[in-house]
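Colleague: Here the structure of chain B is known, so what remains is to put chain V in place on it, guided by the hints.
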Amino acid sequence: MTQPLLEVHDLVMHFPVGGGMFSKPAGVVRAIDGVSFNIRKGETLGLVGESGCGKTTTGRCILQLERPTSGRIVFEGIDMVTLDAAELRAVRRRVQVIFQDPYSSLNPRMTVGQILEEPLKVHRLVRDKGERELRVRDLLVQVGLLPQHAGRYPHQLSGGQRQRVGIARALAMEPALIVCDEPVSALDVSIQAQIINLLEELQARLGLTYLFIAHDLSVVRHISDRVAVMYLGKIVELADRNALYEEPLHPYTRALLSAVPIPDPKIEAKRERTVLRGEVPSPLNPPTGCVFHPRCPIAVDRCSAEIPPLREIRPGHWVACHLA
Amino acid sequence: MAVTKETLETLTNTEPARPRWLQAAIDFTRKRPLGALGAVIILLMTLIAVTAHWLAPYDALATDYGAMLASPSSQHWLGTDAYGRDVMSRIIYGSQTALIVGLGASLIGGTLGALIGVASAYFGGRIDLIVERFMDVLISFPLIILALAVVAILGTGLTNVMLAIAIPMIPRCARVVRSSALAVREMPYVDAARAAGFRDSRIVLRHMLPNVMAPYLIMVTAFLGQAILLEASLSFLGLGVQEPVAAWGLMLRGAAVEFAETAPWMAIFPGVAISLAVFGFNLFGDSLRDALDPRLRTQ
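Protein chains in written order, with our numbering: chain B, 1 to 324; chain V, 1 to 299.
Chain V with its partners taken away, still in its complex shape:
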């Protein structure tokens, strides 16, 4: 075949190779625009949380008794609450609480759940049976009820709330990861590791866990939105993060209920923040699940 001018042109005009992660991001956006929207919301929220110190116009804890229940204005864009604290600043700082509790709870719950799931699948037999029935018991409680029970035992506060949300996550993640781990357990490389005389802990951690990363990551991202909502619910019920820490659920409580009619901005804006965050995480989590699910990948 003769090399024509055109072929030469097409050969030389190929687009410069993009980095792999960028290409993956572009493909993801093209295939799942809603998921990308979720990712943008998450990124924005993270950015706000990280730069809260510079971004917030006021100190989230500073009270101003001269401007109590002030309606949105050029001074306080989203108004102030019953103590004269700037609502926008509290929402901005509240994103930190939401992210810390959400990420912390999902990672703790997801990791413990994954460990239990993989170990249960690896040992099998009676151990598997007992662990699974125990997980059934935990899963039979609705998320919020179990979280409430844990808070009742541990007490309130940021760390305890994180644990309270992590514990209901454990059985859910354990179940999903176990089903993947059952397949991995039958792989010859696991047999090879056993035949090599490796300890059970090494086989579970080094040979099985890395091969069930996909369901683990999906569970963690999918649970993030729920964890944020759960933290807001617990705080709203007075069993979560305590005043004066800036937290969205907390802002909906107390005076916000009392003055709902005269100062609706106290409840509306934190509510919007919660909805937006949960919306973002759920969209992204769902899209990620679909993108990583091999059965859906061909579609």
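Okay, chain B solo, but in the shape it has when bound:
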């Protein structure tokens, strides 16, 4: 098999809380606790989990917006964590991001044209000014906007249009990987479908690779090739989309999937739902053993004592559960 585009090895991100200039921090939030996965070129890896499980932080670490506590992030064969500022600037262009909130992800003081032109200028992708303007028009058309939109300010556009500008900004840098951090969850359902279709179309045309972070399971199912499920800073299950949705092996994944309503009242009334009790434990003080054991419907004694490793139970289907 060819080398994956992105390899994440044992990523750990702990945030210290409390403490002042001289005192030691009062504790650490274990936002990500040993996450490993890889993404092959041209595929879409969905990353799902409830809020606070560390999926966004994982994305931010890959973008190098946070320096991880430990672990390696190998992109195109280079470990990004070890790069210095100048080397990182060059690599960064190849990993881009689309944010959740289209209202705050565009600088309100810059026109759409300026937003799209800036990376072309800074990274010297297009040196000639006239050509840069052409490229900006081209980018706008690629994401389904009009060349006239270049002169507008973000507040003059609708949410869907802004999200398209956000996508165009990511494309401007000719990236290989785009981290999509809940790119549609702030949009109307009708606009969501348009943006998802646009992302798929761009992937097919430009050979892009996506890390698609979301909590909407049906959207992830639609767009992903493989899906990873996170819970409290750890990946609990990672498998091909169909395997994961049809035969979930981890009890948390099962509970998540059973929460998705089925648009047929007859089946919906008959089907059995796994309802989880309690709240997600605090990442300040995660449970011993398997982090899921206090809420797990099938937990045994072993689960509270021993941390289950992520094991490949079937080819390509990884689960972190003693009982799977």
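To be clear, the hints were calculated from the coordinates, so they are not data collected in a lab.
Heads up, some of the hints might be wrong.
Unchecked claim - Covered stretches of chain V (chain B as the covering partner; in silico rule of three or more C-beta atoms under 8 Å from a C-beta of chain B):
#1 180-193
#2 197-203
Stated by the list, open to error - Anything over 10 Å on all C-beta distances counts as not near chain V; from chain B, calculated:
#3 Val-12
#4 Asp-79
#5 Gln-96
#6 Asn-107
#7 Pro-108
#8 Glu-118
#9 Pro-119
#10 Glu-201
#11 Tyr-245
#12 Pro-283
#13 Thr-288
#14 Pro-294
#15 Ser-304
Unchecked claim - Okay, the calculated beta carbon distance ranges per label pair:
#16 Val-141/B <-> Ala-214/V: 33 to 39 Å
#17 Lys-31/V <-> Pro-286/B: 50 to 56 Å
#18 Pro-297/B <-> Ala-214/V: 52 to 58 Å
#19 Ala-25/V <-> Gln-194/B: 49 to 55 Å
#20 Leu-83/B <-> Ala-25/V: 50 to 56 Å
#21 Val-189/B <-> Leu-22/V: 39 to 45 Å
#22 Leu-47/V <-> Arg-109/B: 28 to 34 Å
#23 Arg-273/B <-> Gly-124/V: 21 to 27 Å
#24 Glu-174/B <-> Thr-51/V: 55 to 61 Å
#25 Phe-123/V <-> Arg-109/B: 18 to 24 Å
Cβ coordinates follow ideal geometry from the N, Cα and C atoms, glycine included.
Modeller: Okay, now just chain V, sitting in the frame of chain B:
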């Protein structure tokens, strides 16, 4: 709905659209008449300063030993000083000094302060901590004491006075701008700029600074009045602008004290000019702050 004559009339009789800036000025006047009064005083003062050359009846520096300490009359409306210089002309020319030092100090201090505040907020962590503690040290000195210390180091003169007033302004502006910049720093567009591999200087200057313009402008206008007062104080103490330049604080000094009883016009009129200017700038600055403060905007 039938179109009646009345609706047609109301439709056609709409007022002609005013330019946006004019509408904004009218709204400001209606909501904050005191602020508008301040703005009028500032405009008048600026107008006087700009046209001083034509407006002043005499040369501000010309001495007339035949008319020393002359009381206000039709020749010298506001009297003359101990050297026979026309007080009104000196007040008119003094407005130039006041405006140059006031504007210069506020802009220099405000801009440097804003840069430090934004950079401090952007880099965060230890840098932020050290910069902020240093600003605390500067802020702990009263304005005039710090200004005096700077003059003691740099020496007197127009430029040095400007710097001496600008430096105490820096920490005050830095603190206010930093708090706004902390919010801007968490905006996804700043993350996007970082993810794009832009340099820190570009992110601070192009992406963060333009988004903290409101507190910056408020700080600069609010400080203008104080800067003018500070310049007058320094000049009065003999540590500011030096003779024979026309400056209001300077006019209150020396002979004006000596002859306060026989020639009170030498002190009264420059004093009124200082009060009026500071009054105008403070009224306008306060109203502008209230008008731009989003928490007060709904009231």
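Colleague: It remains to establish, for every hint, whether it holds in the given structure.
Modeller: Okay, the hints, checked on the actual structure:
no. : hint                                : in the structure
1   : 180-193                             : holds (count 6)
2   : 197-203                             : holds (count 4)
3   : Val-12                              : 20 Å, holds
4   : Asp-79                              : 17 Å, holds
5   : Gln-96                              : 7 Å, violated
6   : Asn-107                             : 5 Å, violated
7   : Pro-108                             : 7 Å, violated
8   : Glu-118                             : 8 Å, violated
9   : Pro-119                             : 5 Å, violated
10  : Glu-201                             : 22 Å, holds
11  : Tyr-245                             : 30 Å, holds
12  : Pro-283                             : 20 Å, holds
13  : Thr-288                             : 32 Å, holds
14  : Pro-294                             : 32 Å, holds
15  : Ser-304                             : 38 Å, holds
16  : Val-141/B <-> Ala-214/V: 33 to 39 Å : 36 Å, holds
17  : Lys-31/V <-> Pro-286/B: 50 to 56 Å  : 54 Å, holds
18  : Pro-297/B <-> Ala-214/V: 52 to 58 Å : 54 Å, holds
19  : Ala-25/V <-> Gln-194/B: 49 to 55 Å  : 43 Å, violated
20  : Leu-83/B <-> Ala-25/V: 50 to 56 Å   : 53 Å, holds
21  : Val-189/B <-> Leu-22/V: 39 to 45 Å  : 44 Å, holds
22  : Leu-47/V <-> Arg-109/B: 28 to 34 Å  : 32 Å, holds
23  : Arg-273/B <-> Gly-124/V: 21 to 27 Å : 45 Å, violated
24  : Glu-174/B <-> Thr-51/V: 55 to 61 Å  : 58 Å, holds
25  : Phe-123/V <-> Arg-109/B: 18 to 24 Å : 21 Å, holds
The structure fails hints 5, 6, 7, 8, 9, 19, 23 (numbered hints given earlier, in ascending order).
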